[in-house]
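Keeping the supplied structure of chain F fixed, place chain Y upon it in accordance with the hints.
Number of protein chains: 2
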Amino acid sequence: MKLVDMKITEFVDVLGSDAPAPGGGSASALAASVGSALTMMVAQLTIGKKKYVEYDELMKQVLKEATEVNQALLEAIDKDTEAFNQVSAVFSMPKETDEEKAARKEAMQKALKLAAEAPYDIMTLASKAITITGRAVGKSNVNAASDLGVAALNLKSGLQGAWLNVLINLSGIKDEAFVAKYKKDGEALLQTSCDRADEIYQAILEIV
Amino acid sequence: MKLVDMKITEFVDVLGSDAPAPGGGSASALAASVGSALTMMVAQLTIGKKKYVEYDELMKQVLKEATEVNQALLEAIDKDTEAFNQVSAVFSMPKETDEEKAARKEAMQKALKLAAEAPYDIMTLASKAITITGRAVGKSNVNAASDLGVAALNLKSGLQGAWLNVLINLSGIKDEAFVAKYKKDGEALLQTSCDRADEIYQAILEIV
Numbered sequence: 041m042k043l044v045d046m047k048i049t050e051f052v053d054v055l056g057s058d059a060p061a062p063g064g065g066s067a068s069a070l071a072a073s074v075g076s077a078l079t080m081m082v083a084q085l086t087i088g089k090k091k092y093v094e095y096d097e098l099m100k101q102v103l104k105e106a107t108e109v110n111q112a113l114l115e116a117i118d119k120d121t122e123a124f125n126q127v128s129a130v131f132s133m134p135k136e137t138d139e140e141k142a143a144r145k146e147a148m149q150k151a152l153k154l155a156a157e158a159p160y161d162i163m164t165l166a167s168k169a170i171t172i173t174g175r176a177v178g179k180s181n182v183n184a185a186s187d188l189g190v191a192a193l194n195l196k197s198g199l200q201g202a203w204l205n206v207l208i209n210l211s212g213i214k215d216e217a218f219v220a221k222y223k224k225d226g227e228a229l230l231q232t233s234c235d236r237a238d239e240i241y242q243a244i245l246e247i248v
Numbered sequence: 041m042k043l044v045d046m047k048i049t050e051f052v053d054v055l056g057s058d059a060p061a062p063g064g065g066s067a068s069a070l071a072a073s074v075g076s077a078l079t080m081m082v083a084q085l086t087i088g089k090k091k092y093v094e095y096d097e098l099m100k101q102v103l104k105e106a107t108e109v110n111q112a113l114l115e116a117i118d119k120d121t122e123a124f125n126q127v128s129a130v131f132s133m134p135k136e137t138d139e140e141k142a143a144r145k146e147a148m149q150k151a152l153k154l155a156a157e158a159p160y161d162i163m164t165l166a167s168k169a170i171t172i173t174g175r176a177v178g179k180s181n182v183n184a185a186s187d188l189g190v191a192a193l194n195l196k197s198g199l200q201g202a203w204l205n206v207l208i209n210l211s212g213i214k215d216e217a218f219v220a221k222y223k224k225d226g227e228a229l230l231q232t233s234c235d236r237a238d239e240i241y242q243a244i245l246e247i248v
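Listed in order, the protein sequences are those of chains F and Y. The working numbering applies: residue 41 is where the first sequence begins, and numbers increase by one. The working numbering applies: residue 41 is where the second sequence begins, and numbers increase by one.
Heads up, a few of these hints could be off.
It does not matter which identical chain is used: a pair holds within one copy or between any two.
[What the hints assert, rightly or not] EDC-like mimics (lysine to aspartate or glutamate), calculated; alpha carbons at most 16 Å apart, straight line:
1) K179 to E94
2) K47 to D118
3) K100 to D58
Keep in mind the hints are simulated off the structure, nothing from the lab.
Pulled out of the complex, with its shape left as it was, chain F reads as follows (with noise of 0.2 Å):
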């Protein structure tokens, strides 16, 4: 069963067992999914409203590709647990001669980049939507100006959350180049957009 098939009761529960995985990278897809959905209720609430009539067209692009962020956060929620299996799965390969050794060493090296990339995918998309986010900032409706900073919160604790997922798995990588840019761009991204969704925090504080 898909985890975004589950009912909301079905995946904290699932989550708060004791199986690994569901675990912290679906729960940053889900909290990124979350925000960029309530970014685009906001922009729903402001659309065709006559006091918001000159942001119509920005609140129409920020609801457009809040929604195209968002399936993709949705999507990432099983992608990322799906990474994590398939590094469970070479746990259980043979390692008996050198040859088993080395195929299941090089199979691991593989699944962990996969495992990295996944939760790296979900910072981008987090990072993108906060951007999105940003724009609706004073130009939508001032009655769900709390919603939208509940939109920045739940990004930012989401590409916080993948950025931790990411460092995990990069810490079994031995491809140094690989670990390097993905440290390097990580950090930068993770810098910008916690800097950006803090900013549209305080900017809500004084909204609401």
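Then chain Y, alone, in the frame of chain F:
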């Protein structure tokens, strides 16, 4: 239909729709609920492991307390939207005669107080869960360190998001003593628990 009985896809869909509820309040309860579930998972991945035998009792306590808070947070997802719906219901009350106007005003004040209390309860629960999560840092399965970090991130996001929802409802409340009390208590809770959540995240960054 209760929100927690919806599939993840359905919940995200209705959240992203033009319906004003569910919104940021329920989303914040979900974030905190996901956070506490991750703490439960990390506790369960530690209990009974030889390497962590000295923390076995502590982690059993963490599991018990996190489970209790998690249940209350799951219930808070629906409670927040119900409180919001009561505010919405007041808008459709008649306001022709002076008596109707007075009754409407009184009903609104009552509904707004409940709508401020609902996210305040989420703050209290998220704050408890952050304390519980903090006790597991450095004393739980290191392979699940990123999950513990994501727990803290989701709890902090839930706490701050609930705070925005407290504030937006307080802004319509005329009872100055009520407003002053919630602002003072909320700010204190926010400060202490955000700092604690940040400490957990920083500690996890050192581990992963």
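Hints, verified against the model:
| no. | hint | in the structure |
| --- | --- | --- |
| 1 | K179 to E94 | within (9 Å within a copy, 55 Å between copies) |
| 2 | K47 to D118 | both (14 Å within a copy, 14 Å between copies) |
| 3 | K100 to D58 | between (43 Å within a copy, 13 Å between copies) |
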